[in-house]
Amino acid sequence: GSPTGFPPAGLLFRLVLFFLVWYDILVKVSAFGGTDLERENVLIPQADLDRQREFEEKIRGLFAAREAHPAACVDTFGCQQNVADGQKLMGMLEASGFTLTQDPKEADLVLLNTCAIREHAEDRVFGNLGALTHTKKENPEQVICLCGCMAQEPRVSERIKKSYPHVDLVSVSYTHLRA
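Here the sequence shown is numbered in our numbering, starting from 1 and rising by one per residue.
Please keep in mind that the hints were generated in silico from the structure rather than gathered at the bench.
One thing to keep in mind: the hints can contain errors.
As the list claims (entries may be wrong) - Below, computed lysine to aspartate or glutamate pairings styled on EDC-like, alpha-carbon distance capped at 16 Å: (1) Lys-137 with Asp-168; (2) Lys-88 with Asp-75; (3) Lys-58 with Asp-103; (4) Lys-161 with Glu-138; (5) Lys-136 with Glu-94; (6) Lys-58 with Glu-94; (7) Lys-105 with Glu-141; (8) Lys-137 with Glu-158; (9) Lys-105 with Asp-75; (10) Lys-88 with Glu-56; (11) Lys-105 with Glu-56.
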């Protein structure tokens with residue numbers, strides 16, 4: 001089982017998928033408006049923000065009811081926008097009842113927030129994915145996810161499918177999700 005007594009990976013996997021969809025909807029729209037590619041005045045409707053907070057409270061309640069203390073490790077690679085997005089992801093996870101750790105060995109959830117712009121960052125991501133093979137062997141319930149613009153590259157998805165079978169989820173933009 002998990003070092004923190006967290007519920008089975010199936011539940012954590014569904015929660016992570018939920019987070020990554022909301023990440024794409026809420027987090028990638030910067031506080032100043034727009035996305036990385038277009039800087040327009042975009043405001044997130046208050047109803048969407050309220051709904052996100054409701055989900056965070058429900059997830060926190062679920063963890064409390066199960067006396068679960070899940071830990072998450074969010075590792076960010078690449079550009080400054082990704083650093084800001086990583087901070088927002090960590091805030092959402094904490095609001096949902098996760099504690100944060102910098103050690104993937106201690107984590108029930110490992111989330112790699114990636115950037116496709118810098119080749120060095122991409123090389124580091126693949127190196128870290130390889131190292132996570134060991135944490136997954138020690139904790140088979142651990143959920144390993146890749147998100148960010150690197151995850152949206154088809155060649156990256158194919159490489160991960162072939163070479164990194166321990167990765168549970170490669171999140172692409174919710175507008176690109178395929179069944």
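Each hint tested on the structure:
no. : hint                 : in the structure
1   : Lys-137 with Asp-168 : 13 Å, holds
2   : Lys-88 with Asp-75   : 12 Å, holds
3   : Lys-58 with Asp-103  : 26 Å, violated
4   : Lys-161 with Glu-138 : 21 Å, violated
5   : Lys-136 with Glu-94  : 22 Å, violated
6   : Lys-58 with Glu-94   : 13 Å, holds
7   : Lys-105 with Glu-141 : 12 Å, holds
8   : Lys-137 with Glu-158 : 22 Å, violated
9   : Lys-105 with Asp-75  : 13 Å, holds
10  : Lys-88 with Glu-56   : 13 Å, holds
11  : Lys-105 with Glu-56  : 25 Å, violated
In summary, the structure is inconsistent with hints 3, 4, 5, 8, 11 from the numbered list given earlier, while agreeing with the others.
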